[in-house]
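What follows is each chain in one-letter form.
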Amino acid sequence: MSVRRDMLTSVIAVLACTLVLGLGYPLAVTAVSQLAFKDKANGERVNVSGRLAGSKLIGQAFTRQLVKAGKPQVDANGNPVTAPDPRYFQSRPSATVPPDNAAGSSFSNLGPNNKVTEQAIAANVQAYLQLERRYTPGLSAAGVPVDAADSSASGLDPDISQANARIQANRVAAVRRISRAAVLSEIAQHTDGRTLGVFGEPGVNVLELNLALNRMGEDA
Amino acid sequence: MTVGGSAQIVLFMVVLVAAAVPLGAYMARVYSGEPVLLSRVLGPVERGAYRLLRVDPGRTMDWKAWARAIVVFSLVGWLALYLVLRTQSLHPWASYGLSGGAKFKSAPWDVTFNTVSSFVTNTNWQYYAGESTLTYFSQMVGLTVQNFLSAAVGIVVAIALIRGIVGREGKSLGNFWQDLVRTILYVLAPLAGIGALVLVSQGVLQNIAHSLSVTGPTGLSQTIAQGPVASQEAIKLLGTNGGGFFNVNSAHPFENPNGFTNFFEMLLVLVIPAALVLTYGRLVGSRRQGYAIFATMSVLFLAGVVVAYAAEAHGSPAQHAAGLHTHVLAGSTGGNLEGKEQRFGIAGSALFDVVTTVTSCGAVNSALESFTGIGGAIPFANLSASEVIFGGVGTGLYSMLLFVLLAVFIGGLMVGRTPELLGKKIEAKEIKLVTLGLLMTPLSALAASALASADHDGRASISANAAATPQGFSETFYAYLSQANNNGSAFAGYTGYVNSVGNLGAHTSYRFADVLGGFTMLFARFAPIVFALAVAGALAGKRVSPAGLGTMRTDNATFVVLLIGVIILVGALTFFPALLLGPIVQGLTGHLY
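Top to bottom, those sequences are chains S and A.
Remember, my numbering sits 108 above the position in the first sequence when you count from 1.
Remember, my numbering sits 376 above the position in the second sequence when you count from 1.
By construction, these hints were calculated from the structure, which means they are not laboratory data.
We treat Cβ as the ideally placed atom computed from N, Cα and C, and that holds for glycine.
Don't take each hint at face value.
Computed Cβ-Cβ distance ranges for the label pairs, DEER-style [as the list claims (entries may be wrong)]: (1) S:Met324 / A:Trp485: 27 to 35 Å; (2) A:Val682 / S:Gln181: 17 to 25 Å; (3) A:His703 / S:Gly186: 19 to 27 Å; (4) S:Gly186 / A:Ala830: 35 to 43 Å; (5) S:Gln181 / A:Pro566: 20 to 28 Å; (6) S:Leu160 / A:Ala706: 32 to 40 Å; (7) A:Leu451 / S:Ala139: 41 to 49 Å.
All chains should be built: construct the whole structure from the sequences, respecting the hints.
And the structure:
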């Protein structure tokens with residue numbers, strides 16, 4: 109008898125909670141958010157001349173698909189084969205497939221004491237040196253900031269470190285034929301400091317920085 | 377380690393205490409039935425809920441009635457969630473969220489069995505990848521509901537145990553349904569609502585929209601997942617649930633966009649477990665009892681934070697072998713940034729993951745699998761202590777109170793007096809129940825890890841990178857330790873059907889991990905609850921004898937030291953051999969496997 113009573117109460121409770129907490133609560137929060145924080149609630153979308161170019165919060169790959177004999181190249185799995193575009197600041201290494209896949213976030217899950225991890229980090233260091241050493245002579249593995257060699261947690265990190273940005277500034281300034289000082293000043297403008305001066309670490313928002321550099325070109 | 381990083385940790389403790397003190401007092405009033413600020417608004421709702429549920433809040437229940445109600449209630453919740461998750465193609469918004477307007481299908485029965493068991497037990501282990509496995513409807517109507525309900529069940533069991541300790545009138549532990557309604561109405565729902573809006577104001581997503589298709593400056597296209605994230609994020613943290621809307625949980629910029637949200641989210645995780653300890657002090661009529669437990673938990677918590685932070689700031693052997701320098705540079709965090717986000721850095725990542733593994737939250741903002749050997753040993757240690765360092769909402773307190781009884785018993789043996797807690801004698805029956813209750817979680821963790829390590833199908837879940845290395849054992853052991861503790865964090869290379877990029881694997885042998893994990897969570901949730909309630913029932917009817925000269929005090933520094941010793945001793949004796957095989961061997965050598 110008591111079990112039946114508990115059963116009845118449980119069924120009513122679960123149904124009521126499903127309506128109130130499962131539909132009422134999230135829909136109410138959605139409604140208030142869409143009214144009060146429309147931009148934030150929709151992921152801080154970034155538009156360039158009326159077209160969606162990304163989200164401020166979500167990292168992107170600033171690479172181009174390689175073209176061979178007029179055909180865009182793809183790998184065995186059908187993912188595009190890409191190379192970094194030297195006009196742009198490059199995001200952190202990403203473990204998603206393809207990199208910076210904002211529909212399927214993923215860790216690298218590389219262990220601290222694994223040879224595979226060493227190889228992955230060494231490959232990132234090599235790629236970084238290959239891109240930057242022409243513009244930053246004398247740069248060696250020891251001078252590569254950790255954020256440029258270690259893959260991010262989400263695979264979607266929108267930020268790079270200030271040290272990383274300063275090294276890449278040499279390349280971007282040279283390729284775009286603008287002064288390094290102008291690039292550094294754009295970096296400073298797109299650096300998010302610690303919130304309230306305490307929380308987190310400073311980071312340079314790569315998408316916003318790159319778009320700002322593109323705008324500079326248009327003004328000139 | 378930097379000054380800025382350490383300052384964040386100190387500031388966190390200060391703000392945590394400042395938030396826990398008033399909340400602890402508030403909850404003491406709620407569970408004593410005294411009027412609170414919200415009573416005027418919520419009082420009629422509360423009475424309406426009792427009429428709807430056909431319960432008489434005045435009718436008290438003994439421990440067996442409590443256990444029966446909890447089991448039946450959880451079973452009904454389990455069936456409802458299974459039904460929701462298995463009918464995804466029928467859901468509204470079933471084509472929202474996937475790229476190209478594809479429609480969601482349901483995950484296979486074994487993944488669903490694991491996920492449902494995990495949400496009903498407050499574990500939130502992720503063999504699913506939120507953005508690619510679950511519809512918005514499943515996340516809201518399925519997972520969010522159990523985030524509230526499983527958290528509420530944990531809290532009310534702790535309240536029942538407190539009633540047993542202070543009980544003066546027979547076998548009553550109060551009324552389960554009344555406490556459940558009050559927990560949701562007065563504690564979880566208001567805090568979750570406020571928390572969700574604070575998160576949205578900082579950039580956490582909250583919409584019901586199709587995923588975005590964008591074209592970046594180089595012409596590359598990107599599909600960006602959307603969804604009602606903040607409403608789930610708030611209760612996921614507040615109820616120490618931990619199941620992410622996205623695969624990478626709180627590392628995803630849409631779940632945790634900046635340094636402040638990282639701080640705020642950690643606060644949401646710890647505030648109720650910390651406050652409940654102070655609620656305990658007030659309900660037993662001696663706030664010092666609460667402070668003593670709070671001090672015990674704080675010491676163990678901070679020790680873990682310091683070790684994890686120092687280890688991660690030092691960097692990993694793999695980084696050093698690749699030629700990286702890992703010290704702090706101007707404009708670079710240094711340290712082991714593999715699997716960590718730039719905006720949180722080393723301190724914000726180490727602190728977050730210690731916060732979510734001392735509690736049963738299990739959310740992560742960085743990849744535990746990529747933590748250094750010693751840094752990763754801290755989550756192991758937190759789980760080995762059976763999550764009594766603040767612990768899950770309610771579960772942490774009732775497990776800690778079992779440890780308090782054990783410490784009182786051991787202390788009593790040492791001074792040669794009958795052990796007693798708050799004037800109630802602890803006798804053979806109680807101490808047997810306490811011991812059994814404390815052994816259930818370690819027993820299921822070790823048994824499941826051994827089975828999974830020995831079995832061919834179990835080893836199939838180990839990630840290819842870690843096969844036949846200490847890392848592979850760490851993955852396996854952590855998986856079952858986490859599920860047995862109802863934590864839900866993972867060394868996420870360990871796979872159960874849904875692989876790390878969210879595709880459904882074709883490998884049916886992952887079924888072993890799904891099913892074993894599911895049973896581990898269910899057993900390790902409900903067996904300790906039944907024992908905790910039985911202890912409450914045994915204590916409830918006991919006479920209170922006045923404290924004498926020889927009574928061992930349970931509210932002073934000596935007792936705090938004794939309690940810390942007992943927790944470490946039990947955890948170490950149980951888990952040390954297994955820990956040696958995984959994280960410790962990796963922490964002590966720079967060898968690459």
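So, going through the hints one by one against the coordinates:
no. : hint                            : verdict
1   : S:Met324 / A:Trp485: 27 to 35 Å : violated (56 Å)
2   : A:Val682 / S:Gln181: 17 to 25 Å : violated (50 Å)
3   : A:His703 / S:Gly186: 19 to 27 Å : violated (42 Å)
4   : S:Gly186 / A:Ala830: 35 to 43 Å : holds (39 Å)
5   : S:Gln181 / A:Pro566: 20 to 28 Å : violated (55 Å)
6   : S:Leu160 / A:Ala706: 32 to 40 Å : holds (36 Å)
7   : A:Leu451 / S:Ala139: 41 to 49 Å : violated (34 Å)
Comparing the model with each earlier hint shows violations of hints 1, 2, 3, 5, 7; every other hint is respected.
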